[in-house]
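**Student:** Protein chains in written order, with the numbering used here: chain A, 1 to 117; chain B, 118 to 229.
Treat the hints with care, since some could be wrong.
As the list claims (entries may be wrong) - Distance windows between CB atoms, simulated:
(1) A:Gln41 to B:Ser137: 21 to 27 Å
(2) A:Ile63 to B:Ser199: 40 to 46 Å
(3) B:Glu174 to A:Asp64: 45 to 51 Å
(4) A:Ser27 to B:Tyr156: 22 to 28 Å
To be verified - Calculated lysine to aspartate or glutamate pairs in the DMTMM-like style (CA-CA distance at most 25 Å, straight line):
(5) B:Lys159 to A:Asp11
(6) B:Lys159 to B:Asp175
(7) B:Lys216 to A:Asp64
(8) A:Lys65 to A:Glu86
(9) B:Lys216 to B:Glu132
(10) B:Lys187 to B:Asp124
(11) B:Lys216 to B:Asp183
(12) B:Lys184 to A:Glu105
(13) B:Lys119 to B:Glu132
(14) B:Lys119 to A:Glu58
(15) B:Lys184 to A:Asp64
(16) B:Lys187 to B:Glu162
(17) B:Lys173 to B:Glu162
(18) B:Lys216 to A:Glu58
(19) B:Lys216 to A:Glu54
(20) B:Lys119 to A:Asp87
(21) B:Lys216 to A:Glu86
(22) B:Lys187 to A:Asp64
(23) B:Lys184 to B:Glu122
(24) B:Lys119 to A:Glu105
(25) B:Lys173 to A:Asp64
(26) B:Lys159 to A:Asp64
(27) B:Lys119 to A:Glu54
(28) A:Lys7 to B:Asp124
(29) A:Lys7 to A:Glu105
(30) A:Lys7 to A:Glu54
(31) B:Lys173 to B:Asp200
(32) B:Lys159 to A:Glu54
(33) B:Lys216 to A:Asp26
(34) B:Lys216 to B:Glu162
(35) B:Lys187 to B:Glu174
(36) B:Lys184 to A:Asp87
(37) B:Lys159 to B:Glu122
(38) B:Lys159 to A:Glu86
(39) B:Lys216 to A:Asp87
In case anyone wonders, no lab produced these hints; they're calculated from the structure.
Built from N, CA and C at the ideal position, the CB exists for glycine as well.
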Amino acid sequence: SAVISQKPSRDICQRGTSLTIQCQVDSQVTMMFWYRQQPGQSLTLIATANQGSEATYESGFVIDKFPISRPNLTFSTLTVSNMSPEDSSIYLCSVLRLAGEISYEQYFGPGTRLTVT
Amino acid sequence: QKEVEQDPGPLSVPEGAIVSLNCTYSNSAFQYFMWYRQYSRKGPELLMYTYSSGNKEDGRFTAQVDKSSKYISLFIRDSQPSDSATYLCAMTQDTGFQKLVFGTGTRLLVSP
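From just these sequences and the hints, can you work out the full model?
**Tutor:** Here you go:
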């Protein structure tokens, strides 16, 4: 498995401000991802954090709203910019690990619970 | 229509019961199927993964995939109060396991 930590674990922010969430993994991983989990909805992939290059965003998510950094193979940040109450959600970091010769497993961090007022 | 459908529950059972959790999906290209368990205020934890159709057993847990019906199940035998959590199904057609599509999760409550 993988040990993943996230900071902060929770925050309450005012609309219009930005929050940066940090994700740290206990060992080097090739793939890191950021997800959003809204109440009553399924986990939704925001983007793939690429080391040394721009993140790859999924449909409906843009870099200006969710800038991502990945300076090395164990660390990534997600910023939620110009927040509105609709951004209130749990944000989760995940990593991909090789689990066998041809299979992988995706592990998740504990999440950051964001409330925007 | 969502790609993956999952009854949100809650599903309440007494301790020792056999629990059946299910997901249906619409994309016939999905070939890797996973079950995650998520305790309150924690991240999802991978329980089991299955490739294509068939059964897989791990202790008290059995995962079943029926690709012809686009239906997957997770059975929990001899359920325990510690099994109380939200169970998420996930699936992908991606051999790199990168683009997972999740169900909304079923909340399970096991009473002593």
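**Student:** Work down the list of hints and note, for each, if the structure agrees.
**Tutor:** Comparing the hints with the structure gives:
1. Between glutamine 41 of chain A and serine 137 of chain B the C-beta distance comes to about 23 Å, which sits within the given range of 21 to 27 Å.
2. Against the hinted window of 40 to 46 Å, the Cβ-Cβ separation of isoleucine 63 of chain A and serine 199 of chain B comes to about 41 Å, which satisfies the hint.
3. Look at glutamate 174 of chain B against aspartate 64 of chain A: about 47 Å separates their beta carbons, and that is inside 45 to 51 Å.
4. At about 24 Å, the CB distance of serine 27 of chain A to tyrosine 156 of chain B agrees with the hint of 22 to 28 Å.
5. For the hint pairing lysine 159 of chain B with aspartate 11 of chain A, the CA-to-CA distance comes to about 15 Å; that is within 25 Å, so the pair holds.
6. Restraint check: the Cα-Cα separation between lysine 159 of chain B and aspartate 175 of chain B comes to about 22 Å, which is no more than 25 Å; the hinted pair holds.
7. Only pairs whose Cα atoms come within 25 Å are accepted, and lysine 216 of chain B paired with aspartate 64 of chain A is accepted, the gap being roughly 22 Å.
8. This hinted pair checks out: lysine 65 of chain A and glutamate 86 of chain A have alpha carbons roughly 12 Å apart, not beyond 25 Å.
9. About 35 Å separates the Cα atoms of lysine 216 of chain B and glutamate 132 of chain B, which puts this hinted pair outside 25 Å; it is violated.
10. For the given pair, lysine 187 of chain B sits about 15 Å from aspartate 124 of chain B by alpha-carbon distance, which is consistent with the 25 Å threshold.
11. Taken as a hint, the lysine 216 of chain B and aspartate 183 of chain B pair is honoured in the structure, with Cα atoms around 21 Å apart against an allowance of 25 Å.
12. Restraint check for lysine 184 of chain B and glutamate 105 of chain A: satisfied, since their Cα atoms lie roughly 21 Å apart, inside the 25 Å limit.
13. Among the hinted pairs, lysine 119 of chain B with glutamate 132 of chain B is inconsistent with the structure: their alpha-carbon atoms are about 32 Å apart, more than 25 Å.
14. Distance check on the hinted pair: lysine 119 of chain B and glutamate 58 of chain A sit about 17 Å apart at the alpha-carbon level, within 25 Å; holds.
15. For the hint linking lysine 184 of chain B to aspartate 64 of chain A, the alpha-carbon distance of about 40 Å lies beyond 25 Å, and the restraint is violated.
16. Between lysine 187 of chain B and glutamate 162 of chain B the CA atoms are separated by roughly 24 Å; this keeps the pair inside 25 Å, and the hint holds.
17. Our distance criterion of 25 Å between C-alpha atoms is met by lysine 173 of chain B and glutamate 162 of chain B, whose separation comes to about 17 Å.
18. Between lysine 216 of chain B and glutamate 58 of chain A the CA atoms are separated by roughly 10 Å; this keeps the pair inside 25 Å, and the hint holds.
19. A C-alpha spacing of about 18 Å is found between lysine 216 of chain B and glutamate 54 of chain A, which places the hinted pair at or below 25 Å, so the restraint holds.
20. Of the pairs offered as hints, the one joining lysine 119 of chain B and aspartate 87 of chain A holds, with about 21 Å between alpha carbons and a cut-off of 25 Å not exceeded.
21. As the CA atoms of lysine 216 of chain B and glutamate 86 of chain A are separated by approximately 24 Å, the hinted pair is consistent with the 25 Å bound.
22. Distance restraint check for lysine 187 of chain B and aspartate 64 of chain A: the Cα-Cα separation of roughly 38 Å exceeds the 25 Å cut-off, and the hinted pair is therefore not satisfied.
23. Distance check on the hinted pair: lysine 184 of chain B and glutamate 122 of chain B sit about 15 Å apart at the alpha-carbon level, within 25 Å; holds.
24. About 24 Å separates the Cα atoms of lysine 119 of chain B and glutamate 105 of chain A, which keeps this hinted pair within 25 Å; it holds.
25. The straight-line distance between the Cα atoms of lysine 173 of chain B and aspartate 64 of chain A is roughly 43 Å, outside the 25 Å bound, and the hint therefore fails.
26. Between lysine 159 of chain B and aspartate 64 of chain A the alpha-carbon distance is near 28 Å, which puts this suggested pair outside the 25 Å criterion.
27. With a C-alpha separation of about 29 Å, the suggested pairing of lysine 119 of chain B with glutamate 54 of chain A is violated against the 25 Å cut-off.
28. Distance hint between lysine 7 of chain A and aspartate 124 of chain B is unfulfilled; the C-alpha atoms sit about 32 Å from each other, more than 25 Å.
29. For the suggested pair lysine 7 of chain A and glutamate 105 of chain A, the alpha carbons sit about 23 Å apart, so the restraint of at most 25 Å is met.
30. With a CA separation close to 22 Å, the supplied pair lysine 7 of chain A and glutamate 54 of chain A stays within the 25 Å bound.
31. This hinted pair checks out: lysine 173 of chain B and aspartate 200 of chain B have alpha carbons roughly 19 Å apart, not beyond 25 Å.
32. The hinted pair formed by lysine 159 of chain B and glutamate 54 of chain A fails the criterion: a straight-line CA distance of about 29 Å is larger than 25 Å.
33. Of the pairs offered as hints, the one joining lysine 216 of chain B and aspartate 26 of chain A holds, with about 23 Å between alpha carbons and a cut-off of 25 Å not exceeded.
34. Of the pairs offered as hints, the one joining lysine 216 of chain B and glutamate 162 of chain B holds, with about 17 Å between alpha carbons and a cut-off of 25 Å not exceeded.
35. With a CA separation close to 20 Å, the supplied pair lysine 187 of chain B and glutamate 174 of chain B stays within the 25 Å bound.
36. Distance check on the hinted pair: lysine 184 of chain B and aspartate 87 of chain A sit about 36 Å apart at the alpha-carbon level, beyond 25 Å; violated.
37. Taking the CA atoms of lysine 159 of chain B and glutamate 122 of chain B, the gap is about 22 Å. The hint holds against a cut of 25 Å.
38. Between the alpha carbons of lysine 159 of chain B and glutamate 86 of chain A the distance comes to roughly 21 Å, so the proposed pair stays at or under 25 Å and holds.
39. Restraint check for lysine 216 of chain B and aspartate 87 of chain A: satisfied, since their Cα atoms lie roughly 22 Å apart, inside the 25 Å limit.
Of the numbered hints given earlier, the model fails hints 9, 13, 15, 22, 25, 26, 27, 28, 32, 36; all others are met.
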